[in-house]
Amino acid sequence: MGPTYWWMLFGMALVTYIPRMVPLTFLDGKELPPIVAGVLRNIPYAVLGALIFPAVLFVQEGNILFGVIGAGVAFLIALLGGGVMPVVLGTIGVLAVYSLFM
Amino acid sequence: MNKQFSAGLKAGVSIAIGYFPVALTFGLLAKTAGLSIVEAIAMSLFVYAGASQYIALSLITAGVAPFVIVMNTFVVNIRHFLMTASLNEKMQPERKWVKALYSFGITDESFSVISTHKDGRISTAFAMGVIIIAYGSWVVFTGVGHVIGANLPLFLKAAMSIALYAMFIGLLVPSMKGNRKVVILAGLAAAIHCVLYFTGLLSTGWSILVATLVSSVVVEFIYVRSGKTVESSLAKEVNE
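Line order of the protein sequences matches chains A and B. Oh and the first sequence: position 78 is 78 in the numbering used here, straight run, nothing missing. Oh and the second sequence: position 36 is 36 in the numbering used here, straight run, nothing missing.
These are computed hints drawn from the structure, not numbers from a lab. Careful: at least some of the hints might be erroneous.
[Stated by the list, open to error] Residues on chain B that point at chain A, a partial pick, calculated with CB under 10 Å:
hint: 1; residue: I37
hint: 2; residue: E39
hint: 3; residue: I60
hint: 4; residue: A62
hint: 5; residue: M71
hint: 6; residue: S86
hint: 7; residue: G120
hint: 8; residue: R121
hint: 9; residue: A125
hint: 10; residue: M128
hint: 11; residue: Y223
Even for Gly, the Cβ is constructed at its ideal location relative to N, Cα and C.
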């Protein structure tokens with residue numbers, strides 16, 4: 001690839017790091033208005049929703065059912081009170097069996 | 001300190017498992033895109049952002065100009081701005097350089113695990129634990145993928161592609177139980193992202209950013225009128 005690759009990598013690293021670093025490092029200790037703080041507290045739950053849908057439907061190209069089964073199994077195990085690990089391993093297990101027989 | 005760190009490592013195991021097939025595939029694709037093992041590992045080591053690394057590979061293969069690839073990376077990763085601003089509200093006070101250091105390890109996945117951890121102020125040690133095991137998995141399995149990726153049984157690789165989403169669901173569902181605000185937040189963001197995705201209005205990176213922000217703001221304004229926050233409604237359920 002040559003030196004151009006490394007310059008590109010440097011650029012990629014920089015523009016990825018800045019949005020991660022600036023808020024954590026420079027918002028430190030500053031009191032935010034309650035409404036802003038409230039919005040920021042909502043973000044983990046909103047972002048999880050956006051990360052899951054619709055991407056989970058497309059984990060296997062051309063087979064939406066695969067993602068639907070996976071999401072369904074994960075949801076069920078989580079609903080039954082399984083922790084994150086049982087949810088992850090249980091879902092992989094079910095889909096491994098499904099993939100073997102499809 | 002040590003207990004918090006090992007709790008973080010433990011909480012991060014699900015990310016490490018989830019990264020395994022994704023990093024393996026990345027390593028394999030990097031090889032087919034003509035990257036050496038050093039170049040492939042370097043990208044995982046210095047950039048550490050799954051989606052944009054995949055996009056970079058396809059753009060490299062397509063012969064796109066490096067500057068465009070860098071701009072693309074920025075657009076895809078700008079959503080982390082929102083996450084680290086949110087996380088800052090929950091993290092224990094810490095020296096600036098330490099925060100600047102661990103902020104490198106904030107991904108969609110580590111953010112989700114760290115920010116849904118329910119022990120009041122989140123310790124730096126816990127965050128470090130989550131980040132180190134996740135980052136380690138990403139870098140190591142990029143290298144492994146470059147060497148052997150093609151040899152993983154197909155059915156297992158297919159099944160493991162669900163891991164990250166299963167983890168997201170496993171993190172979200174317990175908070176959703178009996179908390180309508182969390183259900184609305186996740187549901188609204190998912191709905192907005194679906195609309196933006198299927199209409200092709202925005203690329204994925206921007207779409208996640210917009211969906212998250214709109215949902216968080218709209219729901220907050222609705223709930224401010226009734227005087228509830230996510231935490232106070234969670235606390236209410238505990239008391240009931």
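Against the structure, the hints come out as follows:
For I37/B, the interface hint is violated, the least distance from its beta-carbon to any beta-carbon of chain A being 12 Å, above 10 Å. A hinted interface residue such as E39/B counts as satisfied when its beta carbon comes closer than 10 Å to some beta carbon of chain A; here the least separation is about 6 Å, so the hint holds. Taking 10 Å as the C-beta cut-off, the interface hint given for I60/B holds, the closest approach to chain A being about 8 Å. Taking 10 Å as the C-beta cut-off, the interface hint given for A62/B is violated, the closest approach to chain A being about 14 Å.
Residue-level restraint check for M71/B holds (minimum Cβ-Cβ distance to chain A is 8 Å; threshold 10 Å). At a threshold of 10 Å, the smallest CB-CB gap from S86/B to chain A is about 4 Å, leaving the interface hint in force. Taking 10 Å as the C-beta cut-off, the interface hint given for G120/B is violated, the closest approach to chain A being about 13 Å. Given the 10 Å rule on beta carbons, the hint for R121/B is violated: about 13 Å separates it from the nearest Cβ of chain A.
Taking 10 Å as the C-beta contact cut-off toward chain A, the hint placing A125/B at the interface is violated, the least distance being around 16 Å. The interface hint given for M128/B is violated, since its Cβ lies 13 Å from the closest Cβ of chain A, which is over the 10 Å cut-off. Hint on Y223/B holds. Least Cβ distance to chain A is approximately 8 Å, under the 10 Å limit.
Checked against the numbered hints given earlier, this structure breaks hints 1, 4, 7, 8, 9 and 10; the rest are met.
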